[in-house]
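Chain residues, written in single-letter form:
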Amino acid sequence: DAGITQSPRHKVTETGTPVTLRCHQTENHRYMYWYRQDPGHGLRLIHYSYGVKDTDKGEVSDGYSVSRSKTEDFLLTLESATSSQTSVYFCAIAGTNNEQFFGPGTRLTVL
Amino acid sequence: TQLLEQSPQFLSIQEGENLTVYCNSSSVFSSLQWYRQEPGEGPVLLVTVVTGGEVKKLKRLTFQFGDARKDSSLHITAAQPGDTGLYLCADGGSNYKLTFGKGTLLTVNP
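Chains A and B, in that order, are what the protein sequence lines are.
Its first residue numbered 1, the first sequence is counted upward by one per residue in this note's numbering.
Its first residue numbered 1001, the second sequence is counted upward by one per residue in this note's numbering.
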């Protein structure tokens, strides 16, 4: 158990509303990631963090922002949700050999 | 940009059958990781292979890494319903970022 939790696990929201997803780890790992998973596209990296207040963009970062004010928490924000952001979102941390440990996921539906 | 192709995309078999799924890259892998994702859960690491020609076994699963480190295969012997899931390969890359393939969705029917 890598000690990763995500909240909420499920969320339904309306187009145009802001949404924040939270990832919490208990392992004190430096690297944290946010992915989205969609049929036909696999896992795609949104943003990642390599330390407190150190973040960088992934391949599908448009429409998303992140923050990491503490080692244990990595937040993903959709400033104004759109239907194209309906997806399953996974948080992950990196182990010492670059292997990744994933959280249980958040299923987000934007109506 | 590296492209990872996994095949087949879907595979449905009966319990007890053997199967092989493949992962191919347009460029040399830094290292190759295999994950399994069960429905409703996050991916879980199965194995990491690093050296060309490497073979690793995990119970009924056998992982092979091609000599040129551009391809890998996962062979399951006597598949069981508990093997059902999405099998993902990923390149270790650099800067602690992984590149994932789209996966093979395996269904093992009782």
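Do not rely on the hints blindly, as some may be mistaken.
In silico BS3-like cross-links for lysine-lysine, where the CA-CA straight-line distance does not exceed 25 Å [claimed, not checked]:
| # | chain 1 | residue 1 | chain 2 | residue 2 |
| --- | --- | --- | --- | --- |
| 1 | B | K1102 | B | K1057 |
| 2 | B | K1070 | B | K1057 |
| 3 | B | K1102 | B | K1056 |
| 4 | A | K70 | A | K57 |
| 5 | B | K1097 | B | K1059 |
| 6 | A | K53 | A | K70 |
| 7 | B | K1097 | B | K1056 |
| 8 | A | K57 | A | K11 |
| 9 | A | K70 | B | K1097 |
| 10 | B | K1057 | A | K57 |
| 11 | B | K1056 | A | K57 |
| 12 | A | K53 | B | K1102 |
Derived from the structure by calculation, the hints contain no laboratory data.
Nothing here was measured: the structure is a model prediction, and the numbers come from that model.
Hints and how they fare:
1. K1102/B - K1057/B: 23 Å, holds
2. K1070/B - K1057/B: Answer holds: K1070/B to K1057/B is near 20 Å, not above 25 Å.
3. K1102/B - K1056/B: 22 Å, holds
4. K70/A - K57/A: 19 Å, holds
5. K1097/B - K1059/B: 29 Å, violated
6. K53/A - K70/A: It holds: about 8 Å lies between the C-alpha atoms, which stays within 25 Å.
7. K1097/B - K1056/B: Status holds; Cα separation ~23 Å.
8. K57/A - K11/A: With Cα atoms ~24 Å apart, K57/A and K11/A stay inside 25 Å; holds.
9. K70/A - K1097/B: Between K70/A and K1097/B the Cα gap is close to 21 Å, so the pair holds against 25 Å.
10. K1057/B - K57/A: With a Cα-Cα distance of about 36 Å, the restraint between K1057/B and K57/A is violated, given a limit of 25 Å.
11. K1056/B - K57/A: 34 Å, violated
12. K53/A - K1102/B: Cα-Cα ~31 Å, so violated.
In terms of the numbered hints stated before, the structure departs from hints 5, 10, 11, 12, listed from lowest to highest.
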